[in-house]
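Enquirer: This is what each chain is made of:
2 protein chains.
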Amino acid sequence: MPSYQTRTDSQIVSPERRLNHIIIEDVTPSVEGGRYPAKRIAGESCVVEADIFRDGHQVLRAAVKWRRKRDEVFDEASMAAFDNDRWRGEFCPTENARYVFTIEAWTDLFATWLADFTKKVKAARPVASDVLEGIALVEKMSSRADRADRELFERTLARLRKTNDGATALAIVSEANISVAAERVGERSGLTRFEPLLELVVDREKARFGTWYEMFVRSQGVAPGKPGTFRDAERRLPELRDLGFDVVYLAPIHPIGHTNRKGPGNALNGGSNSPGSPWAIGSEAGGHTAIEPAIGTIGDFDRFNAAANRLGIEVALDFAIQCSPDHPWVREHPNWFQHRPDGSIKYAENPPKEYQDIYPIDFDTSDQRGLLEELMRVVRFWREHGVKIFRVDNPHTKPVQFWNWLINEVQATNPEVIFLAEAFTRPKMMKALAKAGFTQSYTYFTWRNTKFELTEYLTELTQTPMKEYFRPNFFTNTPDILAPVLQTGGRAAFKMRLVLAATLSPSYGIYSGYELCENEAVPGTEEYLNSEKYEYKVRDWNRPGNIKEFIGRVNTIRRDNPALQQFLNLRFLSTDNDQILFFSKATPDRNNVILVAVNLDPSNAHYCTAHVPPEVVGIAPGGSYRVTDLLTGAKYVWSEHNYVRLDPGVEPAHILRVEGRL
Amino acid sequence: MPSYQTRTDSQIVSPERRLNHIIIEDVTPSVEGGRYPAKRIAGESCVVEADIFRDGHQVLRAAVKWRRKRDEVFDEASMAAFDNDRWRGEFCPTENARYVFTIEAWTDLFATWLADFTKKVKAARPVASDVLEGIALVEKMSSRADRADRELFERTLARLRKTNDGATALAIVSEANISVAAERVGERSGLTRFEPLLELVVDREKARFGTWYEMFVRSQGVAPGKPGTFRDAERRLPELRDLGFDVVYLAPIHPIGHTNRKGPGNALNGGSNSPGSPWAIGSEAGGHTAIEPAIGTIGDFDRFNAAANRLGIEVALDFAIQCSPDHPWVREHPNWFQHRPDGSIKYAENPPKEYQDIYPIDFDTSDQRGLLEELMRVVRFWREHGVKIFRVDNPHTKPVQFWNWLINEVQATNPEVIFLAEAFTRPKMMKALAKAGFTQSYTYFTWRNTKFELTEYLTELTQTPMKEYFRPNFFTNTPDILAPVLQTGGRAAFKMRLVLAATLSPSYGIYSGYELCENEAVPGTEEYLNSEKYEYKVRDWNRPGNIKEFIGRVNTIRRDNPALQQFLNLRFLSTDNDQILFFSKATPDRNNVILVAVNLDPSNAHYCTAHVPPEVVGIAPGGSYRVTDLLTGAKYVWSEHNYVRLDPGVEPAHILRVEGRL
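Chains A and B are the protein sequences, given in the same order.
Start counting at 1 in the first sequence, then tack on 60, and there's your number in our numbering.
Start counting at 1 in the second sequence, then tack on 60, and there's your number in our numbering.
Hints were generated in silico from the structure; no laboratory data involved.
Please note: incorrect hints may appear among the correct ones.
Note: identical chains are not told apart, hence a pair may lie in one copy or across any two.
As the list claims (entries may be wrong) - The list that follows gives simulated cross-link-like pairs (lysine to any residue, SDA-like), each with its CA atoms no further than 20 Å apart:
(1) Lys-413 / Leu-174
(2) Lys-200 / Glu-214
(3) Lys-413 / Leu-230
(4) Lys-125 / Leu-514
(5) Lys-180 / Thr-357
(6) Lys-695 / Asn-621
(7) Lys-266 / Lys-448
(8) Lys-488 / Glu-85
(9) Lys-406 / Ala-196
(10) Lys-488 / Tyr-504
(11) Lys-491 / Arg-146
(12) Lys-491 / Glu-85
(13) Lys-488 / His-117
(14) Lys-179 / Lys-413
(15) Lys-406 / Ser-189
From a predicted model like this one, the values you see are computed outputs, not experimental measurements.
Generate coordinates for the entire structure from the input sequences, incorporating the hints supplied.
Expert: Written out as structure tokens, the structure reads:
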């Protein structure tokens, strides 16, 4: 027998190693042809598409098959051709778990015969032989059918055998219930399955929609020069809940090292009177599974976490894989670190920058196994203490393959765990981390200011292959990033950037101080002046000029409008002013349609004509509709072309809900 | 040990199952991530690109590795980063054979150390420990080096050990020959290979550049009503050579069946006095390996083939897998055909169309093995008779997997064999056949008439993934396709469409009669009136109004200008007239730059301003240059914006060669 085991075979499975007719290609969702899983949310429909075709003009059928990865039996939903050999089907992965899916396609012999028979009868061709073929097909189906279908087939056969007239026979076999039964019972001729199976990481809803607040526990106190504690932080939770935050992300809470402790403003040798950087993890009080004594105990953490959960808030921890020289690992596992020729351990550096208070981990250690097991233990420890979200510090300085292993292993038993990648690095590494498994990713949002920049970046995120695996979390600021527009644009800039983050991306966050419009930078940098990374901070959270009421309103709008809880429904709309960004978000049923217009210039009022194609709001061309500005309560009647004027001194944006088609 | 055998691993190979740092992604050329081979030409450079990156800031190196598939040892060429983690290298597959290639990347420890060391010395940091690290690295390299390099390393070590000054040490290790030796000798740390290997079908030049003439042997005679023979056809060869054709493709030459033989104009039951359709293959005189007695013998074929070869012309045969009812296979292998309930064999039909003179092959026969072996025997038979090109009839009505098997098997022993797919069907099937192995493909060219249609189609062919595997062969006409523009546009249309086919695509062809501007169609169809598919035809090849001189000139231009022998160098240029298509083709060194302007309206003169960006001709902005119209010999001085007027009554096109920059 000739061997036709060629490359095409890899996608076409035939138990008898016979030629297969059907080709299934370009299946979506998939990431790099199935090398990585796509991401979806439990309870949300997953639309599957593929190119499916064969030689000849036979009638094809196709179905999407899916199951949880750990199950064995597939569910099935039929697909339909919609355009030029492109087929579509959908299924709903209901659980927060890993799923697999594939597509099967086959030739429908009865439908093929019926299509040809119909054409021949209509062309008045002799069809006696064709009727006999049809009878044979129905007989075969009858022999495979259960009782109800068999009765139908037998009645059909009896009628068919009595006629020798093509038109009569056609009328008999064209009855709708026969085709329905035939699709149910008929042989799946030449069944072909797309292989290998494609994988889907199905996350819980928080992976898609969340409102984050980042804070340092030690900055939640009230006495200057004294560290805030978990008890202090706990007292802030009701206010954060009222402002609409549902994730509180804590800068590292672990013991801070003493050796080479940094002082205020990142000064070398801050000494023991300085609190040090929380990212210099580990002291005699413990390492990654301990709590810095100045802020509390593990019991205090548990209490804080429970209090947050009662308010509907999740606690996210920072996972920074690095050590202070005083970390227990340094003593217990010196071979997890790189050494100098003199035997001393190397501190972190990215020449000419130096981080004397931090030892990086050497992932190439000969004890890689021990290292990985310990890092896994850290994650599992905090999971046992109720943590379901990890914000991972600088993941791009550790092997991508490590993250792939860690995240897959953790999610195998705990699919609810969310990992956010804090990588601000080159685009391909950003993507690689997301493909490798990170649930969400930090982004370039803080550096995208102009209409062109925002449109280009959001288009990349929502309309390229990234949409299948890269979920952005838009932070307005971080302890490391105070963007120039915030440094110079004042309160209006803070409101403007908040609206952008909160309405463009369903996951977004602010770092504490944003609500107070803190905007003093180390000159010429994006670093905060007197950064709380290196000192205790006490703030008056009700300081005049704060934008808490505005933040609360925006977060309420997000909570009340499901269109803002999705990402891929973003659609940019045109205006005639480059300073006004304008876009829509709508639910698939158009019951919730939001139009957002943002003045990107925090210093000047701008106006424009904003264009809304009628299909965006679901009206006929030329129609008009009512909108309410959810920020101000103002009501307008809008149509296809609308005058918009936004004065940053008043409000920098409209968030309009379409309320009634007129 | 934790198992980190996850999906990312599939691309990262580590013998010790340790974490790998390096990611190699998005390698080109590849087709669907390596599922199918890309196509190249022997002797032409193959540029390889990939995304290559790792965690951290270490210095990476990468190399492309390649070999013939049947060899074992790889050649290697280094790659260089050129943009945002994108790397490029190239190699030249010199043989007409199947090749494999991949990419290897590794961390360069010495270069990484040197980069960091340089920054620290320049920042005046203490570097005593760093010098010791450098010494250790050089010692290690020295121990691996051959004598010449070892001497260099030892001299360097001696000098390094004598200094405790950073700047001096830096001067010593920065000497260029050290880095060169280090790259040669240094350890390939964390070597990572992209897997699986990617494949490349490397064809001979004819797969890229050929000028085809299609004819029926039986139409080469001179006596009306009598079949022409191979001897008659042989007499036409010198003229075809003079016109510039280098492939003569013959409609099927096999015995024609008698049963239900078609008559003139595709009439049913033409009777034995009709010659029948050459695609109704097989009679008592034999099947696919026999010659129709009316046109000659296998000896005549051999003689014809030898005569063609002597003139530099290859003979392409039609491979049509179908039978007349009189084909020996019908008697010898009745189970290769589909049967009616009464036991008779079904003729071909695509209801309501019927082809009573043809039995299709049933690829689902239980004797699939026997069928495939016989089809393979047919191809090998003709290969033994000198045929190296097969034009495959209607491949889309046979399983794609069959072609994949057949072509791979044939090319494994005979890589010189070219297969041209005659599929005019839906786009995804067209692509699937090319991916499965067809060397060249028929196209939609005959149905692309407007500037928009031509630009869109050629852009798809040259700038989408199709460019890696789909090689078009532009036929101006075929026995089945007499396009409307030719039916109505007269001689000017024939010249215009010839220039388009011949200059847009390096492979193109005409079907005989085109040179005589034959344009009578069956009304309302694209079928030729009195088609020679069903009757003997005798033509006066020197009939007035023929465009042979024009064809010969265009083919000479193609032969003399390497820019026109390539496809992917096509670049559309803008004009301000939608009736004038304008494009350039150039060799990479710009020694041969061709500008083609074609008036797409065969009835009216049009003029335009044609824009030539300076880089297209390799001049500075504002410069001018001389061009010669190779069709007319006219000379012009051109610059960035040029007046063009094309009167179809004179010539429908300019084919301008850039001859001198002024």
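Enquirer: With reference to the structure, classify each hint as holding or not holding.
Expert: Right, here's what the structure says about each hint:
Taking the closest pair of Cα atoms, Lys-413 and Leu-174 come within 20 Å of each other only across two copies (16 Å); inside a single copy the shortest separation is 76 Å, beyond that limit. Proximity of Lys-200 to Glu-214 under the C-alpha cut-off of 20 Å is restricted to the intra-copy arrangement: shortest distance 11 Å within a copy versus 85 Å between copies. Only between protomers do Lys-413 and Leu-230 lie at most 20 Å apart by alpha-carbon distance; the minimum there is 19 Å, versus 83 Å within a single protomer. Taking identical chains as interchangeable, the C-alpha atoms of Lys-125 and Leu-514 are never at most 20 Å apart, the minima being 38 Å within one chain and 41 Å between chains.
Taking the shortest Cα distances, Lys-180 and Thr-357 never come within 20 Å of each other, neither inside one copy (84 Å) nor across copies (41 Å). Within a single copy, Lys-695 and Asn-621 get their C-alpha atoms as close as 17 Å, which meets the 20 Å cut-off; across copies the closest is 69 Å, which misses it. Proximity of Lys-266 and Lys-448 under a CA criterion of 20 Å is satisfied intra-copy only: 10 Å inside one chain copy versus 62 Å between copies. Proximity of Lys-488 and Glu-85 under a CA criterion of 20 Å is satisfied inter-copy only: 9 Å between copies versus 26 Å inside one chain copy.
Within a single copy, Lys-406 and Ala-196 get their C-alpha atoms only as close as 81 Å, which misses the 20 Å cut-off; across copies the closest is 16 Å, which meets it. In this assembly of identical chains, Lys-488 and Tyr-504 lie within 20 Å of each other by CA distance solely inside one copy; the values are 13 Å within and 37 Å between copies. In this homomeric assembly, Lys-491 and Arg-146 come within 20 Å of each other (Cα to Cα) only across copies, at 14 Å, whereas the closest approach inside a single copy is 28 Å. Proximity of Lys-491 and Glu-85 under a CA criterion of 20 Å is satisfied inter-copy only: 11 Å between copies versus 24 Å inside one chain copy.
In this homomeric assembly, Lys-488 and His-117 come within 20 Å of each other (Cα to Cα) only across copies, at 14 Å, whereas the closest approach inside a single copy is 43 Å. Taking the shortest Cα distances, Lys-179 and Lys-413 sit within 20 Å of each other only across copies (10 Å), while inside one copy they are farther apart (78 Å). Taking the shortest Cα distances, Lys-406 and Ser-189 sit within 20 Å of each other only across copies (10 Å), while inside one copy they are farther apart (87 Å).
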